[in-house]
Amino acid sequence: MTQAVQSVSSEVTGDLYAEVRTFYARQMRRVDALDIEGFADTFTEDGVVVHANGARAEGRAEMVAGMYANKPRYRDIAVRHWFDHLLIEPVVGGEEGELRVSYYSLVSLADREGRLTFEPTFTVEDVLVRRGGRLLTRERVIHRDLPVEF
Amino acid sequence: MTQAVQSVSSEVTGDLYAEVRTFYARQMRRVDALDIEGFADTFTEDGVVVHANGARAEGRAEMVAGMYANKPRYRDIAVRHWFDHLLIEPVVGGEEGELRVSYYSLVSLADREGRLTFEPTFTVEDVLVRRGGRLLTRERVIHRDLPVEF
Amino acid sequence: MTQAVQSVSSEVTGDLYAEVRTFYARQMRRVDALDIEGFADTFTEDGVVVHANGARAEGRAEMVAGMYANKPRYRDIAVRHWFDHLLIEPVVGGEEGELRVSYYSLVSLADREGRLTFEPTFTVEDVLVRRGGRLLTRERVIHRDLPVEF
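Taken in order, these protein sequences are the chains called V, A and D.
Quick note: the first sequence uses the working numbering, first residue 246, plus one each step.
Quick note: the second sequence uses the working numbering, first residue 246, plus one each step.
Quick note: the third sequence uses the working numbering, first residue 246, plus one each step.
Treat the hints loosely; a few may be bogus.
Copies of the same chain look alike in the list, so a pair counts if it fits in one copy or across any two.
As the list claims (entries may be wrong) - SDA-like mimics (lysine to any residue), calculated; alpha carbons at most 25 Å apart, straight line: (1) K316 <-> P365; (2) K316 <-> E394; (3) K316 <-> V295; (4) K316 <-> V386; (5) K316 <-> A302; (6) K316 <-> E303; (7) K316 <-> T368; (8) K316 <-> F395; (9) K316 <-> G283; (10) K316 <-> V393; (11) K316 <-> P392.
These are calculated hints, taken from the structure and not from any lab test.
Full structure from sequences and hints, please.
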């Protein structure tokens, strides 16, 4: 929370911003369609997801198994993930093209009648890498937003 | 839901991304201000809107008539349309500059005391074209987000 | 609400769009972390905020004092500000690089159990300027979204 608010025009070009947003637009369509394998394919083979409750899925196979186990929760529910306030930063000393991306996430749940409820809000920290020119998520750490202690 | 997650840097430039988002920023200000004629002017003269219930408005005149019929619904209500996860794709074989754009849409309704409720969520598919350099919507198909069947 | 929907590709480049969004991504992380001094540092020294209720804070010192006075309201609450539909326009006759930016704002409040409520929606009008290359907010006017009278 202490990062400098400085000009980032040399760091995040418009093209990169559009590419990253498009990557997530596709990734979220897959997760929200419960396209589990398609979603896992947007991660590297050894991709890691650390959920807000601390549960950890390592690699696509574990990710897919966990999502199938969780799938019944979405029976009769249309889930949608909404993102905002992306911070896109090249990883110094990472692979060529490696990016650290953090963003706010809001999750809506619509029942069959269209009544909307929301999950808690989350802040997500991703590491994105390029494989054969396309972006993939290599790591995702999901934090539930908690009250600031004071 | 089966579109490839690939690099889109050559497809969607930052400039185009910013232009499309700005187009919708203006279009949504008009619809949310209940500026019916102003909103219709962001469509081509023969623009078509297919609503989530299947109702179809063909051309600006029908669109305007439908919106006036629906206007009483917004008495004492401040409506706001929120977009996310835009996918912007040039239409192969379309007119010069023709774009297919899809996006998530969340609709908030605030009453006079500021209490907020939400409509169901929607996914919208637009076709945008250029007329005299400016973007206009030629077609809009609105889908209510429904639970995935499984 | 009567602004022309015209091509803005020459007005808002992708790079500027990404820079402005990144500026807000950082500014909102600070306000949502209740990092009051850090938030104030994203304004010019003489920055002004006009709240929706008409209250006015002039300069960083007044802004900081007002936020400390308001801080107890966020005990046990995780607040998040969500933005959409940014309109970014260079200010004709302003300083070099001065921008007028308006946007929709949705404010979520999560309690310790993760139950989400929302404030009314707002539309915000900012003036951004550059100091030493970085963007800062010089003026912010916050409007609560009210029903259209008809």
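* Asked: Are there hints from earlier that the structure breaks, and if so, what are their numbers?
  -> none
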